[in-house]
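Listed below, chain by chain, are the residues.
Number of protein chains: 2
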Amino acid sequence: MSQANHQDQTSIFYLISDAVGSLVNNTFNSALVQFPTAKYDVQRYPFVQHIDALAPILERAAQNQAHIIASFSQPEMNQYAQDFCQDHQLFYYGVLQPVIDVMSKDFNMAPTGKPGSKHRLDDEYYKRIEALEFAVLNDDGQHPSRFEEADIVLLGISRTSKTPLSMYLANSGYKVANLPLVPEARVPDTIYQIDRRKIIGLTNDVNVLNKFRRERMIAYGLGDQTRYANDNRIQEELDYAHKIYNELQCPIINVADRSIEETATLILMFLNLENKPM
Amino acid sequence: MSQANHQDQTSIFYLISDAVGSLVNNTFNSALVQFPTAKYDVQRYPFVQHIDALAPILERAAQNQAHIIASFSQPEMNQYAQDFCQDHQLFYYGVLQPVIDVMSKDFNMAPTGKPGSKHRLDDEYYKRIEALEFAVLNDDGQHPSRFEEADIVLLGISRTSKTPLSMYLANSGYKVANLPLVPEARVPDTIYQIDRRKIIGLTNDVNVLNKFRRERMIAYGLGDQTRYANDNRIQEELDYAHKIYNELQCPIINVADRSIEETATLILMFLNLENKPM
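Line by line, the protein sequences are chains A and B.
Using my numbering, you'd call the opening residue of the first sequence number 63 and step up by one each time.
Using my numbering, you'd call the opening residue of the second sequence number 63 and step up by one each time.
Hints are computed from structural coordinates only; laboratory data are not their basis.
Since the model is a prediction, treat every value here as computed from it, not as a measurement.
Warning: the hint list may mix true and false statements.
Each pair may be met inside one copy or between any two copies, as identical chains are not told apart.
Unchecked claim - SDA-like cross-link-like pairs, simulated, lysine to any residue; straight-line CA separation at most 25 Å: (1) Lys189 with Arg259; (2) Lys305 with Asn233; (3) Lys189 with Asp257; (4) Lys101 with Leu152; (5) Lys167 with Glu309; (6) Lys167 with Val95; (7) Lys167 with Val104; (8) Lys101 with Lys189.
Turn these sequences into a full structure, and let the hints guide you.
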C-alpha cells in the first residue's frame, strides 16, 4: 500500500547543504538524467550551518515524506540528519560523509568542520577572476599579441563553441584565447609564433552548422537562405580551417554531439592539463 | 601495521566516471576542503563506459592501493567495480548509486543507463551557449540597450567581481549584463527603465578593494600609490554606487569573503530564480 502511494504521488527531494549546494545539486541532477520522464518536486536549502536551522527543515521533510540528499562538512550535522531520517523512515543520503571518513582515517587528521567553499578564496579565487577577465578580453581574436600569455588557444569557424568553451575553461582557472577562422581574413602571424602545443582546432558537422546558422539568421530577421547558411559555403570554411590545422599540426576536436564539459575535458586531456586543475 | 603504512605513504585517489567526471571531482574536492594540509595523489579517468576499459584501471588501483570514487550511470559498471574493490579490500564509493536506486523505486522506472551529460545537449545546450555569448557581449556595460533582454543586471564599481559572476551565472543559462559604476560617467538611462527586480548592486570592503587595486597597478607597472588605489577615492566610488543602489531600491551584495559560487547563489535567491535552474 505504501508502495502504491509512492507511485501515485509526486516524489519530493530536499537538497540541503551547509554551503552553496553545488555537490547536492550535481548529485541530484546526475541521477535524474537516468529518468528523463520522471515527475518530481525539489526544494533547495543552501547555507544550513547549524542544527537550529536544520531541525525545522527536517520537520517539514517528514511532513512531506521528502527524500533528503545532503552535504555537511560537520559530522555532527550529518549524524543529526541521519538519525532524524532513520527515526522518521525517510531516505537520507549524506553525499560527503563516506569520503570525509576515509580521508580522515587515511590522512590521520580530523576534518576542520568548516563549510565548503570559504577556503577557496585567495590564490585560487584571484587566479580564476584573472582567467575569466583574460577570456573575455581575448574572445573572438581581439588581441592576437596576447596569445603567448594564454594557456590554451582555440581556433574555429563560426559556431564551433569557441566562446562557451573559453568561458568554461576560464572558470577552471585556464587563460584561454580564441580566434575565429574566416577564409577572407588573414590569420594573425602570432599564431605561428607561439608554442603550438597549446593550440586546439575546433570543427563541427556541416548539418549541425547549417542548422545553427539558419536559426541565427532567422533570429536576426535575415531569412534562412543567406550565403552564411549555405552548405557549400560551410564546407569551404571547414576546408580552410582544416588547412590551417594541418599547417599548425594541432589536435582537432569535433564539437558535434559533445557537451561543453565533454569537449573541455578532451581539450585538457590533449594538452595534458587534466591532472592540474586549480 | 597496515594502519601505520597508511599514514606513512601518500594516499592515492582514483576518480572514475563514465562521463566528464564533474560529480566525482566535485565530491573529492568538497571532502578535501576538510583536510587543508593533507598530502595526496589523484588520478582522473573520465569517459570509462565499458567494463573492458574499467577492468585495467581497477587492476592498477589494486596495485597502488588506491581509494576509488566513481560515478556510473549503468548499475552493472557500479556493481563490477564494487565487487572488485571488495575482493581486493579497496575503498569504493559509487556516488550516484544510492540516489539512482531510490529514484528508480520511487518513480517505478528503470534507469536509462546512458552516461551523464549526453542528454543535456539540445535546448539546454543552446540556451547556455546563447547565455554565454550574451554575457560576453554585454560585459562592462557595452550595450545598455540590451539590459531589457537580460535575466540579471549586475552593477558595481571596479573589482566587485562583475565579470566572473556574469560568466558563472551565464554558464547556468542566465542572460547576464553588467555595468561598471564610475562617479565621472553617467549611468545609462535604460537602467531606470528596465524591470528593477532583476538588478543587483555589488559592493566590496574598502581594504579588499585597495589590495586588489594596488596589485593591479603593480602588474601594470604603475606603482601602487596611484589615485585608483587610494582609500578616499575608493570610498567616493562606493558612496556613489550606494547612492545609485538607493535610487534603484535594488538588493546589495557585499562580495568580500564570498566565493563566486556563494555570491551567485545569493543573487539567484534574491531574484527568486534559485528553484528554476536549467
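We went through each hint and held it up to the structure:
| no. | hint | verdict |
| --- | --- | --- |
| 1 | Lys189 with Arg259 | within (22 Å within a copy, 32 Å between copies) |
| 2 | Lys305 with Asn233 | neither (31 Å within a copy, 32 Å between copies) |
| 3 | Lys189 with Asp257 | within (22 Å within a copy, 34 Å between copies) |
| 4 | Lys101 with Leu152 | within (19 Å within a copy, 37 Å between copies) |
| 5 | Lys167 with Glu309 | neither (53 Å within a copy, 55 Å between copies) |
| 6 | Lys167 with Val95 | between (33 Å within a copy, 15 Å between copies) |
| 7 | Lys167 with Val104 | between (34 Å within a copy, 17 Å between copies) |
| 8 | Lys101 with Lys189 | between (40 Å within a copy, 22 Å between copies) |
Violated hints for the displayed structure, listed by number in ascending order: 2, 5.
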